[in-house]
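Colleague: Grab the two chains, each in its own frame, and use the hints to assemble them into the complex.
Sequences listed follow chains A and B, in order.
Using our numbering, you'd call the opening residue of the first sequence number 4 and step up by one each time.
Using our numbering, you'd call the opening residue of the second sequence number 6 and step up by one each time.
Among the hints, a few may not be true.
One-sided excerpt, in silico: chain B residues whose CB lies under 7 angstroms from chain A [said to hold, decoys possible]: (1) G13; (2) A17; (3) Y21; (4) Q24; (5) P28; (6) G30; (7) Y72; (8) E74; (9) D79; (10) A121; (11) L126; (12) V140; (13) E142; (14) A148; (15) G153.
I should point out that these hints are in silico values taken from the structure, not numbers from a laboratory.
Even for Gly, the Cβ is constructed at its ideal location relative to N, Cα and C.
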Amino acid sequence: MSTFEVEVFQNEYLPSGGTEVNAIVTVSSAGFAGTGEAPDAAEIVIVDSSGSMDVPRAKMHAARDATAVAIDCIRDGVLFGVIAGNEKVSHVYPPGGGLEPASERTRTAAKQAAGKLRAGGGTSIGKWLGAANDAFAAAPGRVCHAILLTDGANEHETREQLEATLAVCEGRFQCDCRGVGTDWQVSELRRIASVLLGSVDIIADPAAMAADFRAMTEAAMGKTTGSVSLRVWTPQGARVQFIRQVAPTIEELTDRATASKPLTADYPTGSWGEESRDYHLCIEVPPREAGGEMLAGRIGLLHGDEVLSQGLIKAVWTNDHQLSTQISHQVAHYTGQAELAECIQEGLDARKAGDNATATFKLGRAVQLAAQSGNDDTMKLLAAVVDVEDPATGTVRLRNQITDVDEMALDTRSTRTVRVGPGA
Amino acid sequence: MTVTCPSGHSSATSDYCDQCGAPIGAVATPQQPTVELSILEDADTSPSEVRDPCPVCGAPRSGDDRYCEGCGHDFLAPPAPMTGWEAVVSADRSQFERLRPDDITFPGEYRERRFALDAPLMRIGRRRGRLDEPVLEIDLAGAPEDPGISRLHAVLERRLDGGYAIRDLGSTNGTMVNDDPAPLGRDTAVPLADGDRIRIGAWTTIIVRSR
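Bound conformation, chain B alone (with noise of 0.2 angstroms):
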């Protein structure tokens, strides 16, 4: 026995449909579908042309198949958007200079630590790695070790032009962006351009850039 699911798919499961996932019984939300079905009616779906392989797992491709028989890779899909930012985190002295922390001290050696902004949200914290700690995108635990930086510190968020914005998530000692010597409010997001530098806790300042 087979149902529809809210897509028009036919499923031979119940209770999600066994194309796309959909609940089954649940009101279509609208979304890509409607439209990508044009461009596949558009589409030259002529069985003997020879298409490209597919270009995630090499299957070869015939000419009305959407979906890839190898990976299930959707050939009408928009390529991925490629970001292309990065967060670069370093030491930086003359910001442990300006605020002179008691019982801290300047680590000696710092390897710069990297980051793709790959998430919608890139979380910046310091884990304990304690069960009930949220994973963080952005784990700057680890020797040597900024005490200054909260536990769940800031935040990242995606735009939808692609960039990101800096939020404070009600961190102990702030969050700085530039030379701004005022930390972030809580709860406001600062859209962030190539090259700006955010500065959390003792000494750690994030550069964030484009690739």
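Looking at chain A on its own, in the form it has when it is part of the complex (with noise of 0.2 angstroms):
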């Protein structure tokens, strides 16, 4: 199991009658104790076989290569299976549904079955999941993991069943998602991962995509301690304004609390490796006059019944302005993180509505703030969509022709921040 570490950034003063407390808290693990293999885990791959993977050719065929570099990449031990999907579900590996332990025979015959996959039919995405949950099943306590690949929509069944379906898997696995080409929703996959705590990307090029399978598949290995929430204590009257993880992307959290007892709400956080996440939580307390002093929140890490580390979100009340205008690095810092990927969302779905004005305005802010933040990796993925005048003062211009795959780039990737810079 890992260790965790909890590290608190945040300016405790407040304005007397001042009620919004803001912090950053970093969570650090540092993996699995031990050196050893950590078996413990169970690992499906769920590739799109419907008809459209075949246009063009290469996106089954990188699919199948994909999953033989995901299989290989699996740990003796750690139970697996592969999936294929379109309107219906096929038993990739094992052939009778299940799970198999990963041994180099059952790899060999894994990567022999999936050589064979063969496009055809719809997307039912639903119902992919529901058969990679039922898989899972036979792997209680283990660790879960799942990679979902499609090439397009959940045509071929209603919102409301792939909701019903997410709804049934949430908490039982995690599941990063893969979209090929640009005829998949951002949104919709987006959506899975989320609820499903992983991560979503776009694979513009198919020779990509199994330098992708790999560096997921190798992650998920790399899980040593499954299943961790954060445990938020807040004072009777206050309330969590907002709880969302911020590095190294943009989840939101708030909506998430289960109440485990009265004032203590628990998030979830999937499974952790060694790796570092931070969260930013807002707090509203009753107000109170200068010189009062309170505990606004007590954060902590819950594995089973434990609670592993634990960070302290104080307030103080004064009348001193100095120190209650000071804004701590690290929350301005993911504040206006927050608001890039949230102008970049507005204006996509802007531009989208025809609002040219506003697309313009959202984009040019957001250029703005990538440009402050140093997120390099954002700004190369806006200045495909606009045409940058000053990064300054977000002055630019939307192009013209935009091409599919930069504006689902930019949107997928919206999410990502970067962290504090040195000197903060």
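Modeller: Put into structure tokens, the structure is as follows:
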């Protein structure tokens, strides 16, 4: 099991009568304490085998190759399976459904079976996820992870059917989602990845698929502690206004609380390997006069029934404007990163709706924020959609020709943040 | 082992009270609890009585609970004051024509920006987004951007009556209210009435009004 460290960054001073406490909480996990294997995992690769995967043929080729690469990364002893989906589900490996422990023999058999994958039929993503969930039922207590690859929208079942399946799968396994080509829906895959605590990304070029599958599988094999929650205590009369993961990506957690006891809420964070994530908490506290002091929040890492590590968020009221108007570097930075993601979303939505004035303003502001915070990756993606005249003031012009790939890449990657730079 | 906090709660944590968050060992600050406890005694606390569910989270509430089991909402807390003030930012051509600043052009299109006045201090300025800058409640950065606004220009301060006063924070180009051409002195807070206009920069006008 991992060891966790919690660090809190905040300005605890509030003006007299102030009610809003902000803090950035950095959670670092040292990964597996020992160096041994971590076979307590289960892995399923879900490959879209709908008819469109053959247009162009490179997609199905790449999917077969990438699945083989993923299988090769699965460690001995890890339970695994491969599922292919169109409007139905077929169990590629093991052929009877369920999971097999990885070994030289089973990996070879699975790769042979994956090599025979053929495209045809429709797309019912909910059914694929449901089948994965059934298979994971044979691996209780393990860290369960799936990779979902699709090239199209969920056309052969309703939104409600997909939501119902997601509700069943939530908390059972994590799922990283990948869209290949440009006919899939960013919002749909983002929704799936968000509920199932995974990442979402575009694979614009099928040739890049194998490397991405390798990275995802290796990351999954590195997860040593499953089902970790953030436990947040707030005092009487206080309220968590929002809690969101802000690094490595922005992920809203506010509405995902389960109340464990009065004044305490638990937020799911999935499984952890050797990694570090940042969270932004905004807590509304009852107002006090200058001189008042209060613990505004206690934040801990919950695994099973055990709180592994915790940090304190404080509130101190003062009449000293110098103190109360200071803002923590970390809070300022991630407030900007969240606004950056929001501006990109709103800008792209406005462009789709034909409102070019709003799109230009929002994407201009996004350019300004990306430049200021040194988010170079997002800046490059923005530059494919707008002509940047002056990044300092956010003066941009919308490009006339924007390719679907550029727009979808900006959309899917808009929630990636950079950490607070040196000098902070 | 439990300890007792300054407000009299029994707490399982010994650094801060696990009920109200007060530092253990501090002297009780004269706050609402004493008043509210007397309300609690007056209230009908018969357990059989069915009360309305929690207005915040909808969890059912039994008669004698002060705090919601679902979300910790304080049923006896006074309802949040509805300040109901907002600041509406727009570009004012007559102001621009009067000042005629060099090298600055009046924006061709300016979309009105609205800010709800929902904090005790609403700082006005133009962030560059650098890490050592304060976050601004009213950030007027972003195109079209008025270059005459200082980074930290002025602040709207909530008054005891729920209204707001404006205070210049040492801006380069000053802060004016309504048609008075004289900029506000440093450290002078001017109370605002519904509909008052704050003028800053080359063309920015902020109308403060009650909603």
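Colleague: For every hint, state whether the structure bears it out.
Modeller: The hints, checked one at a time:
A cut of 7 angstroms between beta carbons decides the hint on B:G13: the least distance to chain A is about 13 angstroms, and the hint is violated. Taking 7 angstroms as the C-beta contact cut-off toward chain A, the hint placing B:A17 at the interface is violated, the least distance being around 11 angstroms. Hint status for B:Y21 relative to chain A: holds, with the closest Cβ pair at about 3 angstroms, below 7 angstroms. Interface hint at B:Q24: satisfied, since its Cβ lies 6 angstroms from the closest Cβ of chain A, which is below the 7 angstroms cut-off.
A cut of 7 angstroms between beta carbons decides the hint on B:P28: the least distance to chain A is about 6 angstroms, and the hint holds. For B:G30, the interface hint is violated, since its Cβ never comes within 7 angstroms of a Cβ in chain A; the closest pair sits about 11 angstroms apart. Below 7 angstroms, beta-carbon pairs count as interface contacts, and B:Y72 has one with chain A at about 5 angstroms; its hint therefore holds. Using the Cβ-Cβ criterion of 7 angstroms, the hint placing B:E74 at the interface with chain A is satisfied: the shortest such distance is roughly 5 angstroms.
Using the Cβ-Cβ criterion of 7 angstroms, the hint placing B:D79 at the interface with chain A is satisfied: the shortest such distance is roughly 4 angstroms. Taking 7 angstroms as the C-beta cut-off, the interface hint given for B:A121 is violated, the closest approach to chain A being about 13 angstroms. Restraint check, B:L126 versus chain A: the minimum CB separation of about 5 angstroms is within 7 angstroms; hint holds. Taking 7 angstroms as the C-beta contact cut-off toward chain A, the hint placing B:V140 at the interface holds, the least distance being around 5 angstroms.
For B:E142, the suggested interface contact is broken, since its CB lies about 10 angstroms from the closest CB of chain A, more than 7 angstroms. The beta carbon of B:A148 is positioned within 7 angstroms of a beta carbon in chain A (closest approach about 5 angstroms), and the interface hint is therefore held. Taken as an interface hint, B:G153 does not check out: its beta carbon lies about 13 angstroms from the nearest beta carbon of chain A, beyond 7 angstroms.
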